[in-house]
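Asks: Construct the complete structure from the given sequences, taking the supplied hints into account.
Protein chains: 2
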Amino acid sequence: MTVGGLGEDALVAAITQRLADAGPPAGVLLGPGDDAAVVAAPDGRVVATTDVLVEGRHFRRDWSSASDVGARAAAANLADVAAMGAVPTALLVGLAVPADCSLEWVLELADGLGEEASTAGAAVAGGDVVRSEVLSVSVTALGSLEGRSPVTRGGALPGDLVAVAGRLGWAAAGLAVLSRGFRSPRALVEAYRRPAPPYTEGPRASALGATAMVDVSDGLVRDLGHVAKSSGVGIGLTRAAFHVPQEFVDTARALSADPMHWLLGGGDDHALAACFPPEVDLPMAWSVVGRVEEGEGVLVDGQKWTGPTGWQAF
Amino acid sequence: MTVGGLGEDALVAAITQRLADAGPPAGVLLGPGDDAAVVAAPDGRVVATTDVLVEGRHFRRDWSSASDVGARAAAANLADVAAMGAVPTALLVGLAVPADCSLEWVLELADGLGEEASTAGAAVAGGDVVRSEVLSVSVTALGSLEGRSPVTRGGALPGDLVAVAGRLGWAAAGLAVLSRGFRSPRALVEAYRRPAPPYTEGPRASALGATAMVDVSDGLVRDLGHVAKSSGVGIGLTRAAFHVPQEFVDTARALSADPMHWLLGGGDDHALAACFPPEVDLPMAWSVVGRVEEGEGVLVDGQKWTGPTGWQAF
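Each protein sequence line maps, in turn, to chains A and B. Each number in the numbering used here comes from the position in the first sequence (counting from 1) with 281 added on. Each number in the numbering used here comes from the position in the second sequence (counting from 1) with 281 added on.
Just so you know, not all the hints are guaranteed correct.
Intra- or inter-copy, both count: the list cannot distinguish identical chains.
Said to hold, decoys possible - Result set (EDC-like, lysine to aspartate or glutamate): computed pairs, CA atoms no more than 20 Å apart in a straight line: (1) Lys585 / Glu575; (2) Lys585 / Asp539; (3) Lys585 / Glu385; (4) Lys585 / Glu560; (5) Lys510 / Glu574; (6) Lys585 / Glu414; (7) Lys585 / Asp381.
In case anyone wonders, no lab produced these hints; they're calculated from the structure.
Replies: Right, dumping it as structure tokens:
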């Protein structure tokens, strides 16, 4: 059955039912079905962020399942919440869908959104479904700072360590594989299809005293460039500090690609990059990859990075 | 200049600058420019709602200015917040825009969003801009219940009065005028282009003890149908209780239309409809148009409504 064969009310009811099967959401005080949702904001503040994913630009239905698209749309936003040092609480979803899209595809998208929200401790609290010639998914994520100050991009200080939690370059490598018409190595393709952001490391970094933090969505060099600019500092990365997985080496050879381009220029894994005072004892999940310095911009082994710098929307 | 000629960072910077010109937002603790915004939620809860507007389905660039489109996208969501009895605090905006769209159009859209947010006491706190073949605007509105319980669709009781605040049918009449290729009466066309929801009446109705409330976005009969269903009651409307403006009579005659269809079936004005205990002394802004009864569905003068029942997305 296509969504065009259903009325709006029936479609919304089907999605709401599917999401309700995921179980009761802890921080959602009033869920889908009214004019608006009500979400807990225990410390009197709410963190909020929005991202839009458009078919053909951010995903392809032949490369990702509906559930993967939903999970990825959720992850992109949940990671932004984590990057403020906050714990995700709720998602709102605006879905624009062609009339010939199947109901099953939309329900599986809802599954993916709900699953990823649940992984991060959140739930889908509400949304809107409209018809459009182009399929797009707009997600807003909300989160709680649990009494802490938000960790912005603007607090890095010279002398701070720069560290990363989560995978870097895996999604970019997977995308490169898919773009060449391959379906393996499976681990890379799966990393592209379903990112695994280190959600709990955001609040943890905040509690450890992180001075600045960012979600790596556009590539490490570019995203750290935002930190450098906002903080009025330079950032020096050390190439040798990055572990290059064997899958990267093998796949890069097969595709005549440079694995460092994936590591430093690839987005979509939604790793977290943060700056910490040098005396901080970092947990295992964090790898030190550089230092904050006086100056501006991001250098790799003292040189300007000449590889790709990630995603450009326009 | 088209947005396709700008990088993403430059486009976001231009929009953020334009919004910043609107002045400092009261409830926005951290505005655009980081991974996420931080918005005040003074009573430990946040009201949140999302709507998506798609070009060709929800607006046309030849019928509405960019500023009007922005204002209408904001109003649709701000009214949903008010319909919970909450005061709007912030908007997040996801904009999908074709590369050939002019920068000026996008900046004027931001103006409209900011102006309408400001009218409701809120501000734009963040957003995302992506490229798409189809222009769409996804808005999430946040709001504060100020310690009150949310007014849902589910609390109406037999014997309650049904009352309406704000305009009914004006936008539908204006849309009918535009659809026939006319540009006047001006008052109707302007009502379509820029709705004026009675934002402050939402919290006021809540404080007066409203038992149920809804934003009239799809037409009064259809939206009250949601209240009847959620509350497990019937709603009886009285035709004679609706004032039919002279503009409606004249324009309906010219277009061979029925003005009651606009009043009872027209959405997009974002009036508020609420149920109140019969003893409540209603302020001037509210007109009683019917009663909550035992039963189900919505009747007009005891009859099933056979006119149009508003917008269907699919």
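Asks: Now, for every hint given, state plainly whether the structure supports it.
Replies: Status of each hint after checking the structure:
1. Lys585 / Glu575: Classified as within: same-chain Cα gap 15 Å, cross-chain 74 Å, threshold 20 Å.
2. Lys585 / Asp539: within (17 Å within a copy, 69 Å between copies)
3. Lys585 / Glu385: neither (48 Å within a copy, 34 Å between copies)
4. Lys585 / Glu560: neither (28 Å within a copy, 73 Å between copies)
5. Lys510 / Glu574: within (12 Å within a copy, 62 Å between copies)
6. Lys585 / Glu414: Answer is neither; intra-copy 42 Å and inter-copy 35 Å both fail.
7. Lys585 / Asp381: Close neither inside one copy (48 Å) nor across copies (33 Å); limit 20 Å.
Hint violations for this structure: numbers 3, 4, 6 and 7, all remaining hints satisfied.
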